[in-house]
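Asker: The lines below spell out each chain.
2 protein chains.
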Amino acid sequence: MFTSTPVPRLIALDWGTSSLRAYLLGDGGALLEQSVKPWGIMRTSKRSFAKVFAAMVGEWRRRWPNLPALAAGMIGSAQGWCEAPYVPCPAGLQSLAAGLASVTEGGRIQLHIVPGVVEEGAMPDVMRGEETQIIGAMELDSRLRRRARLVLPGTHSKWVELRRERIQSFSTYMTGELFAVLRDHSILGRAVPVSATPVASWAAFERGLMAVLERGTSGGFSRLFSARTLVLRGRLRPEESLDYLSGLLIGEELRCATHRCSKRVPLAIVGEDSLSERYRRALALFGFGDARIIANASAIGLWRIANASGLVQETQRRPRS
Amino acid sequence: MFTSTPVPRLIALDWGTSSLRAYLLGDGGALLEQSVKPWGIMRTSKRSFAKVFAAMVGEWRRRWPNLPALAAGMIGSAQGWCEAPYVPCPAGLQSLAAGLASVTEGGRIQLHIVPGVVEEGAMPDVMRGEETQIIGAMELDSRLRRRARLVLPGTHSKWVELRRERIQSFSTYMTGELFAVLRDHSILGRAVPVSATPVASWAAFERGLMAVLERGTSGGFSRLFSARTLVLRGRLRPEESLDYLSGLLIGEELRCATHRCSKRVPLAIVGEDSLSERYRRALALFGFGDARIIANASAIGLWRIANASGLVQETQRRPRS
Chain E
1259 MFTSTPVPRL
1269 IALDWGTSSL
1279 RAYLLGDGGA
1289 LLEQSVKPWG
1299 IMRTSKRSFA
1309 KVFAAMVGEW
1319 RRRWPNLPAL
1329 AAGMIGSAQG
1339 WCEAPYVPCP
1349 AGLQSLAAGL
1359 ASVTEGGRIQ
1369 LHIVPGVVEE
1379 GAMPDVMRGE
1389 ETQIIGAMEL
1399 DSRLRRRARL
1409 VLPGTHSKWV
1419 ELRRERIQSF
1429 STYMTGELFA
1439 VLRDHSILGR
1449 AVPVSATPVA
1459 SWAAFERGLM
1469 AVLERGTSGG
1479 FSRLFSARTL
1489 VLRGRLRPEE
1499 SLDYLSGLLI
1509 GEELRCATHR
1519 CSKRVPLAIV
1529 GEDSLSERYR
1539 RALALFGFGD
1549 ARIIANASAI
1559 GLWRIANASG
1569 LVQETQRRPR
1579 S
Chain Y
1259 MFTSTPVPRL
1269 IALDWGTSSL
1279 RAYLLGDGGA
1289 LLEQSVKPWG
1299 IMRTSKRSFA
1309 KVFAAMVGEW
1319 RRRWPNLPAL
1329 AAGMIGSAQG
1339 WCEAPYVPCP
1349 AGLQSLAAGL
1359 ASVTEGGRIQ
1369 LHIVPGVVEE
1379 GAMPDVMRGE
1389 ETQIIGAMEL
1399 DSRLRRRARL
1409 VLPGTHSKWV
1419 ELRRERIQSF
1429 STYMTGELFA
1439 VLRDHSILGR
1449 AVPVSATPVA
1459 SWAAFERGLM
1469 AVLERGTSGG
1479 FSRLFSARTL
1489 VLRGRLRPEE
1499 SLDYLSGLLI
1509 GEELRCATHR
1519 CSKRVPLAIV
1529 GEDSLSERYR
1539 RALALFGFGD
1549 ARIIANASAI
1559 GLWRIANASG
1569 LVQETQRRPR
1579 S
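Going down the list, the protein sequences come from chains E and Y.
1259 is the number of the first residue of the first sequence in my numbering; add one for each residue after it.
1259 is the number of the first residue of the second sequence in my numbering; add one for each residue after it.
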């Protein structure tokens, strides 16, 4: 008995600060195999990128020696394997595909790398990796192509204005990193019992969001200390205080990012994990109940960029939704 | 030859989280001797407060066995030597003096402790130590007594509304702690060369303040990442990035704290070190050019509270300015 075996066409890598995801993609960007390792660029030395790459995709390369490989993320930064200079806003599929960098070894290109995006101006801003998720999100949801606003939650959340399939402008919020440093190194984390279960308290999270909404333009920054004083006065359980803090910080991000945001422009959340659900709930409370979550956008974004750059030829076009 | 030797009347202690300051005060709160040690409550174990106290003031106690001792600060918290429960707002000299706690050993009171202040309400807030500086500031500057606003810069800055010599309400901003955790544990501190000189760049500091002013109601929270991107794009020198960050954070504090603040109410900065000068410059940029700095308020505040509680009798009243 024979079934038609999908033919691998591309090795696609999402190589960030803390983790490395590898996808084996077939025609139309179909996902054939994948793996994840904690081998982000901050966890491996600069000299060992080639070894990490071999360990991650060597098996695929042995079976299919001519498969091209394309990576996005911090691997293309100055601290990465090979710097892929930023392309300016407005940035879209064509300028990203034209800006690929490449790692050559023994006269052969081992890996292509997607450039990041820079928005210049009085306050420059940069992204690396998110541009690829954004390309993927537009592929997965056609309603975003004409005009949309995206939020990509994370260590450094990105808020992105899309116009005619291009990144028009964007802003970074350090919300995830702020939460982590306050939890791990400030007095706000000290109230939390070590044995506290990590179950999210939505009530505490929403209480933090409400504290921001009630403050009006003063915002949540001015209320950070309440994550401690409410516990001190017996009005918030210690094990709830981090969810409350998360509400204060995400609420402040939303306050700043949405305050001139038209509710008629489609808004989508691009991300995988429970953090996206947290943002979905927060946005609903801020009056953006229609925000949908788009997951697994990186692999399809890499496929689209590989296609636009000629690394792979589309033999069987994935129907655009 | 005989000169009239001042008679010691009170041992006054400012015993905080990171340091312990001891003052030997004479009539009218005149400063006779003082010493500072890094013996704050977070740096000594709970069991060793008695030893630390003996090491700090034992010499004075041996020379003047009946001298009363009064402390303010975190030594009166649940993590301190003896908890002095908070007194509620509005709080003034009388309620603070009535709320003293005391440490007794061998049937004798070793030390009296000034209570902190709590503001209840939807968002409770607390202070410990600042209430004593505030009492001292009103003693040092009579213009503050009827109505004033004070800022006490620090790890946890306090903004205080004074009415008729009482603390009417106040808010805590975690600005100093935020700066420290971002400098030491986030990507914003990583840009700074280890050998960077600690000389303040006022230009970079003011650039951070301006970034907040220009953002309007969105504020400085949304611009934290610019402390990295400006360096990344070669538009801010790495060694200036922490002063810029300081401007963003203090600017955001000022934006929140002053946005409904009448310029006709006297505004004073209570504090000793270079941080007060930083706040003075920032306030001037925000349109509060008249803010004056009041230093060394703790010792005189302790003297006033000791007097109001009957621990010492005022034999020679210090003229109120």
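Some hints here could point you the wrong way.
Treat identical chains as interchangeable: a pair holds within one or across any two.
Said to hold, decoys possible - No farther apart than 20 Å at their CA atoms in a straight line, the calculated lysine to any residue pairs in the SDA-like style are these: (1) Lys1304 with Ile1445; (2) Lys1521 with Pro1343; (3) Lys1304 with Arg1448; (4) Lys1295 with Ser1306; (5) Lys1304 with Leu1569; (6) Lys1521 with Arg1320; (7) Lys1521 with Ala1458.
Note that these hints are calculated values from the structure, not bench results.
Asker: With reference to the structure, classify each hint as holding or not holding.
Answerer: Outcome of the hint check:
1. In this assembly of identical chains, the alpha carbons of Lys1304 and Ile1445 lie at most 20 Å apart only when taken from different copies (18 Å versus 35 Å within one copy).
2. Taking CA atoms no more than 20 Å apart as the test, Lys1521 paired with Pro1343 passes in neither setting, with 35 Å inside one copy and 49 Å between copies.
3. In this assembly of identical chains, Lys1304 and Arg1448 lie within 20 Å of each other by CA distance solely across copies; the values are 17 Å between and 35 Å within a copy.
4. Only within a single protomer do Lys1295 and Ser1306 lie at most 20 Å apart by alpha-carbon distance; the minimum there is 15 Å, versus 48 Å between protomers.
5. When the C-alpha separation of Lys1304 and Leu1569 is checked against a cutoff of 20 Å, the pair qualifies neither within a copy, at 26 Å, nor between copies, at 66 Å.
6. In this homomeric assembly, Lys1521 and Arg1320 never come within 20 Å of each other (Cα to Cα): the closest approach is 51 Å inside a single copy and 74 Å across copies.
7. Taking the closest pair of Cα atoms, Lys1521 and Ala1458 never come within 20 Å of each other, the shortest separation being 28 Å inside a single copy and 44 Å across copies.
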